[in-house]
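Protein chains in written order, with the working numbering: chain U, 1 to 407; chain Z, 1 to 183.
These are calculated hints, taken from the structure and not from any lab test. Careful, some of the hints might be misleading.
[Claimed, not checked] Listed next, the in silico SDA-like pairs over lysine to any residue satisfying Cα-Cα at most 20 Å (straight line):
#, chain 1, residue 1, chain 2, residue 2
1, U, K40, Z, R115
2, U, K71, U, A404
3, Z, K85, U, G49
4, U, K143, Z, K85
5, U, K40, Z, R127
6, U, K185, U, S214
7, U, K43, Z, S118
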Amino acid sequence: MIRKSVALAAASMLVFAAQAALAQDKPPPIWKQGQPEKLKDSKLAPNPGKMTETEAADIPLKKLKLPKGFKVEVWATGMVGGRAMAIGDSGKKIYMGTRGIGRVYEVTDEGDKRSVRVVADKLTQPSGVAFQGGSLYVMAIDKVLRFDGIENKPDVAPVDLTAAFKLPPEQHHNWKYLAFGPDKKLYVPFGAPCNICEPPKEYAQLRRYNPDGSDMEVIATGIRNTQGFDWNPKTGEIWFTDHGRDWLGDKGPEDELNRIDKPGNYYGYPYCHAKGVIDPDTAKGKKDACKGVTLPVITTGPHAAGMGVKFYTGEMFPKEYQGTMFIARKGSWNRSKKFGYDVINVRPSADGKSAKLKPFMTGFMDPKKNTFWGRPAYIAQMTDGSLLVSDEQLGAIYRISYSAPKK
Amino acid sequence: MLAALLISAAHGQAEDRLAVHLRSCAGCHGADGNSAVPGTPSIAAQPQIFLENYLVMTREGIRGTQLMQSLLKGMPDREIVALAKHFSALKAKPAREPVDKKLFQRGKSVAAANRCASCHLPDFRGREQMPRLAGQREEFLAEAMLAYRQNRRPGGDTIMAASLYGIAEQDFKALAHYFSRLK
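Chain U extracted, bound-state conformation:
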């Protein structure tokens, strides 16, 4: 009979009451949590991925812009949904994880061309790939597999390590990015299973494990959803991207680029975002919500979806790129004007407490038409110092090389 009484109230009250009634029963839909009344008619929704192959000829490569002297080419195609890349010990094979299509690819560099095969399929969002000691590690939302000696044994059966890693059950934001640290340990993020909520204790954190899944340690908390990190080769510190929450409008809160200067840091989620934005849903009226929070070194744009981070250690690019990092921004969905869809270059200060950001690779998006054609997701460095950039939308890898312009 609640419904009868609210029918007498104003229309806006009706929706509010219906939501409040829902909230009492069960949590509201995961990805719409925090969607305010004033955005109730918003038609923003996640961008659709492309699940069919795109040929090189159909990629508008000429639209891409880079600084002078840099060249981009289509290096490999046919890896539908391919995103994070792990390079094998030989430097000739690249392993790529995916989400929806459930596959892991192996791309083999054959000099003048590349061949592609599927090494695993039917997995639930196997986005995490990492390579160490001759073995490929694959992590799906609910599974961990190790392929020993896969570079020389293409049909090797995987070792199932799932039980050792004790993965929690929630799926949302729990597709993985994986990387081995200088300490040879495997670093694994566990995202908040919602847009904005009080996360259960196994989530919103970065952990590390021994490669066999033993000796788990939580090394940082308060992280909403990191999909990329790398170690500064000079200091050994981890730098990681973190996606800002949705449904607070076009301005943000902006994505973060964080640094872990010591284990145990708390990065603010779900109360404190970006450079001190207090969350209106979880920290309403709490002025000290950012107390004890390690704020980001810099913010990297509203809804930009900063993904892979790669410190440049090669010698092909000009000296000014030494010690800087590249970050791929996959681009926004929860924003009326699209933002990101590029690769940026970030130069940290000597003490790591500040950093400067500049665009590096642009042209995936048409700001006038508010459309995009590609979504740069991850970056890998080849032995010759060139960079590979994966495009999750078109299932392609682009190679960026440099030669000094003729004077």
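Given chain U's structure and the hints, the job is docking chain Z onto it.
Coordinates of chain Z only, in the frame set by chain U:
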């Protein structure tokens, strides 16, 4: 000249294959993509990307029924795209079935409270990766929602199952009735 002949021969083959596929689809989904078979969805006027994604994931063995998986096994992307394009261009012709006014109104208000229109659009014609609901078969919609609830629909994104969270199961019937009676 030879090249041109080869191209046209290859083109002809592709067309033949499409015709064979279309006959097979028509058996259950109707020649015009409007299903008269209980439990089998109408596929006319579904967004092309939605159809492509569904067909690819079914081919990959991570979605769909066993029958659909066996029909799609090994189908190349270009044939999947051709099928998706074909059916997305057809007109939805929902069967004229009586409207239960009370159930319809209930479905309408549940859809509004849960903001189904954000993704599926206010007329529920769907877009991109999000399917058309307007005029879909009622029993199919009700079963689909129940399957999401009971985690019997793996392979899709986590968003749809999450969006049904907190909706009472009897309201799935109201939603299904409402959407199925829209044009």
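Okay, the hints, checked on the actual structure:
Our distance criterion of 20 Å between C-alpha atoms is met by K40 (chain U) and R115 (chain Z), whose separation comes to about 7 Å. Under the criterion of a C-alpha separation no larger than 20 Å, the hint pairing K71 (chain U) with A404 (chain U) is consistent with the structure, at around 11 Å. Under the criterion of a C-alpha separation no larger than 20 Å, the hint pairing K85 (chain Z) with G49 (chain U) is consistent with the structure, at around 17 Å. Taken as a hint, the K143 (chain U) and K85 (chain Z) pair is broken in the structure, with Cα atoms around 35 Å apart against an allowance of 20 Å.
For the given pair, K40 (chain U) sits about 18 Å from R127 (chain Z) by alpha-carbon distance, which is consistent with the 20 Å threshold. Proposed proximity of K185 (chain U) and S214 (chain U) is supported: the alpha carbons are some 10 Å apart, at most 20 Å. Using a Cα cut-off of 20 Å, the hinted pair K43 (chain U) and S118 (chain Z) holds, with the two alpha carbons roughly 5 Å apart.
Violation of the numbered hints given earlier is confined to hint 4; every other hint is satisfied by the structure.
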